[in-house]
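Engineer: Each chain, letter by letter, is given below.
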Amino acid sequence: MSFIEFKNTSKAFGPLQVLKDVDLSTEKGEVVVLIGPSGSGKSTLLRCINGLETITGGDLIVDGLSVTGGKKVLCEIRQEAGMVFQQFNLFPQMTALQNVALGPRKVRGLSKDEAEIQAQALLDKVGLSDKGGHYPAELSGGQQQRVAIARALAVKPKVMLFDEPTSALDPELKHEVLNVMLQLAKEGMTMVVVTHEMAFAKQVGTRLIFMEHGKIAVDDDPRTVIDTPPNPRMKDFLSHVE
Amino acid sequence: MQVDWSIMFDFIPQLIAGAKVTIYITVLGLIGGIVLGSIAGLMRAYGGKILNAIAFTYIELIRGTPIVVQVMFLYFALPVLADIRIDPMSAAVLAIVVNAGAYIAEIVRGAFLSINKGLTEAGLAIGMPHWKVLLYIIGPLAFRRLIPPLGNQFIVSLKDTSLFIVIGVGELTRTGQEIMAANFRAVEIWTAVAICYLIMTGTMTFALRSVEKRMKIL
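Those protein sequences? They're chains U and X, same order as listed.
Numbering-wise, the working numbering puts 4 at position 4 of the first sequence, and it's gapless, one number per residue.
Numbering-wise, the working numbering puts 91 at position 91 of the second sequence, and it's gapless, one number per residue.
A portion of the hints provided could be inaccurate.
When the alpha-carbon atoms are kept at most 27 Å apart in a straight line, the in silico DSS-like pairs for lysine-lysine are as follows [as the list claims (entries may be wrong)]:
1) Lys72/U <-> Lys117/X
2) Lys156/U <-> Lys174/U
3) Lys216/X <-> Lys131/U
4) Lys71/U <-> Lys213/X
5) Lys117/X <-> Lys71/U
6) Lys131/U <-> Lys174/U
7) Lys112/U <-> Lys132/X
8) Lys156/U <-> Lys132/X
9) Lys174/U <-> Lys132/X
10) Lys174/U <-> Lys125/U
11) Lys131/U <-> Lys117/X
12) Lys158/U <-> Lys71/U
13) Lys49/X <-> Lys112/U
14) Lys49/X <-> Lys131/U
15) Lys132/X <-> Lys72/U
16) Lys117/X <-> Lys216/X
17) Lys125/U <-> Lys186/U
18) Lys112/U <-> Lys72/U
19) Lys112/U <-> Lys131/U
20) Lys158/U <-> Lys132/X
21) Lys117/X <-> Lys158/U
22) Lys156/U <-> Lys131/U
Some residues of chain X that are not near chain U, with every Cβ distance over 10 Å (derived) [unchecked claim]:
23) Ser38
24) Leu81
25) Asn152
Per label pair, the in silico range of CB-to-CB distance [unchecked claim]:
26) His175/U <-> Asn52/X: 28 to 34 Å
27) Asp227/U <-> Leu51/X: 54 to 60 Å
28) Ile39/X <-> Lys235/U: 32 to 38 Å
29) Thr54/U <-> Val69/X: 50 to 56 Å
30) Pro140/X <-> Arg108/U: 16 to 22 Å
31) Lys215/U <-> Val211/X: 50 to 56 Å
Because the hints were derived from the structure by calculation, they are not lab data.
Just so you know, even glycine gets a beta-carbon here, dropped at the ideal spot from N, CA and C.
Start from the sequences, fold in the hints, and give me the full structure.
Structural biologist: What follows is the structure, encoded as structure tokens:
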């Protein structure tokens, strides 16, 4: 059974059609890498999955639940789909540990102590054992993004959505984040990743989707299509990325 | 007429009594104004079309009319219209509640909407319902940004109570006028009244500064 299923999904911002009748079905355990020129709809596609964008046509099913099912269903979907943002979006008034513990406390109903024990374990996992007491402003970009990954994982999602997670980072900090993502993929986490990191796509991705003008133009195995793009526009795009 | 500053001291008990009334109206009025303003501000920021329109109408009605007219309306017009008798003190407090509420509503709305949208999305993305995101994440951040403009409104409202002289509330300015009427010591009395206001607004500024210092704006 497919885990995330776009059925003729459309998304328009006013007169601007960003997604045009997208059909896409992904399985559990897949690492789907989304690439494409800016404005092609890849981020919108990702943000539709957890309902941060409301679809305007068709349907979109996540683990058996439709994103059009109302507020309650949307909260359930969001607990199953963790998201990591380009700009980290850590809560600035909370320490790293509090950021990670907030979801389990307020969404899963854990006590403060339980949530913080679990949060510490997640910080250990992303290599930030000693940074729990630091506020976001005291952390580097790479560290902030790893806290953000831990925060998303804390709600125990079944799929992780990454929206250009390394685009705001200095080159030497990218690998910290990519390593954590690699680790997650190895553990079998289902992932959908919008990125320009082609080496990561090749190494970790099980599926590569090239989007153009709100449609899926290429959907194939990253190892074959990145080296030999089947489409001239994708070839052109890749030549600009690498 | 000679200016005799020592005469100020004779009227200290009377002025303090007047200042007490001013403080009473201001404190009660602002507590009500904060409650009303927060509700109206959140309705403006997050309410649907209808809630938004109600709050918008309220804010525009109040901001578009002078507070003297508002308190006159409450005290003289309301009894005629709705057969509600209202004593001058209640009218004064209510006028501050309604008036400050409208301005505080815009302050609250501005503070909430100034918080980076990405933080709301991050809260929603971990599965929190919108009200929890506002309560646990956006609210505490917005609160920090509320303090400076709120301090401004506190001072304005405190000074606005002097206008309630028109309905005969015995607050500080009216007390000053009554003393004046008896002895015509204009320089001494109005200086003393001004000093009383400065002490009150100064205390308020100082209190807000110390709250502000304790909370970093993020």
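Engineer: Hints first: check each against the structure and report whether it holds.
Structural biologist: Checked hints:
1. For a cut-off of 27 Å, the pair hint linking Lys72/U to Lys117/X stands: about 21 Å separates their Cα positions.
2. Restraint check: the Cα-Cα separation between Lys156/U and Lys174/U comes to about 24 Å, which is no more than 27 Å; the hinted pair holds.
3. Proximity of Lys216/X to Lys131/U is assessed by CA-CA distance (about 21 Å); at most 27 Å being required, the pair is judged to hold.
4. Using a Cα cut-off of 27 Å, the hinted pair Lys71/U and Lys213/X is violated, with the two alpha carbons roughly 39 Å apart.
5. For the hint linking Lys117/X to Lys71/U, the alpha-carbon distance of about 19 Å falls within 27 Å, and the restraint holds.
6. Only pairs whose Cα atoms come within 27 Å are accepted, and Lys131/U paired with Lys174/U is accepted, the gap being roughly 18 Å.
7. Of the pairs offered as hints, the one joining Lys112/U and Lys132/X holds, with about 16 Å between alpha carbons and a cut-off of 27 Å not exceeded.
8. At roughly 19 Å between alpha-carbon atoms, Lys156/U and Lys132/X fall within 27 Å of each other, so this suggested pair holds.
9. Proposed proximity of Lys174/U and Lys132/X is contradicted: the alpha carbons are some 32 Å apart, above 27 Å.
10. In summary, the hint linking Lys174/U to Lys125/U is supported, as the alpha carbons are separated by about 17 Å, within the 27 Å threshold.
11. Only pairs whose Cα atoms come within 27 Å are accepted, and Lys131/U paired with Lys117/X is accepted, the gap being roughly 26 Å.
12. Taking the CA atoms of Lys158/U and Lys71/U, the gap is near 19 Å; set against the 27 Å cutoff, the hint holds.
13. For the hint linking Lys49/X to Lys112/U, the alpha-carbon distance of about 38 Å lies beyond 27 Å, and the restraint is violated.
14. Between Lys49/X and Lys131/U the CA atoms are separated by roughly 44 Å; this puts the pair beyond 27 Å, and the hint is violated.
15. Of the pairs offered as hints, the one joining Lys132/X and Lys72/U holds, with about 13 Å between alpha carbons and a cut-off of 27 Å not exceeded.
16. Pair hint Lys117/X plus Lys216/X holds up; C-alpha atoms about 20 Å apart against a cutoff of 27 Å.
17. Proximity of Lys125/U to Lys186/U is assessed by CA-CA distance (about 13 Å); at most 27 Å being required, the pair is judged to hold.
18. Simply put, Lys112/U and Lys72/U have alpha-carbon atoms about 24 Å apart, close enough for the 27 Å limit, and the pair holds.
19. Only pairs whose Cα atoms come within 27 Å are accepted, and Lys112/U paired with Lys131/U is accepted, the gap being roughly 18 Å.
20. A threshold of 27 Å between alpha carbons decides the hint, and for Lys158/U with Lys132/X the separation of about 23 Å falls inside it, so the pair holds.
21. A C-alpha spacing of about 25 Å is found between Lys117/X and Lys158/U, which places the hinted pair at or below 27 Å, so the restraint holds.
22. For the hint linking Lys156/U to Lys131/U, the alpha-carbon distance of about 21 Å falls within 27 Å, and the restraint holds.
23. With 10 Å as the threshold on Cβ separation, the claim that Ser38/X sits away from chain U holds: the shortest Cβ distance comes to roughly 19 Å.
24. With a least beta-carbon separation of about 42 Å from chain U, Leu81/X lies farther than 10 Å from that chain, consistent with its non-interface assignment.
25. Its beta-carbon lying about 23 Å from the closest one in chain U, Asn152/X satisfies the requirement of being farther than 10 Å from that chain.
26. Between His175/U and Asn52/X, the C-beta spacing of about 47 Å breaks the proposed range 28 to 34 Å.
27. Checked against the hint of 54 to 60 Å, the C-beta distance between Asp227/U and Leu51/X comes to roughly 56 Å, which is consistent with it.
28. The given range of 32 to 38 Å is broken by Ile39/X and Lys235/U, whose C-beta atoms sit roughly 58 Å from each other.
29. Between Thr54/U and Val69/X the C-beta distance comes to about 45 Å, which lies outside the given range of 50 to 56 Å.
30. Checking the proposed 16 to 22 Å range against Pro140/X and Arg108/U shows it holds: the Cβ atoms sit about 21 Å from each other.
31. As the Cβ distance of Lys215/U to Val211/X is approximately 54 Å, the hint placing it in 50 to 56 Å holds.
Checked against the numbered hints given earlier, the structure breaks hints 4, 9, 13, 14, 26, 28, 29 and satisfies all the rest.
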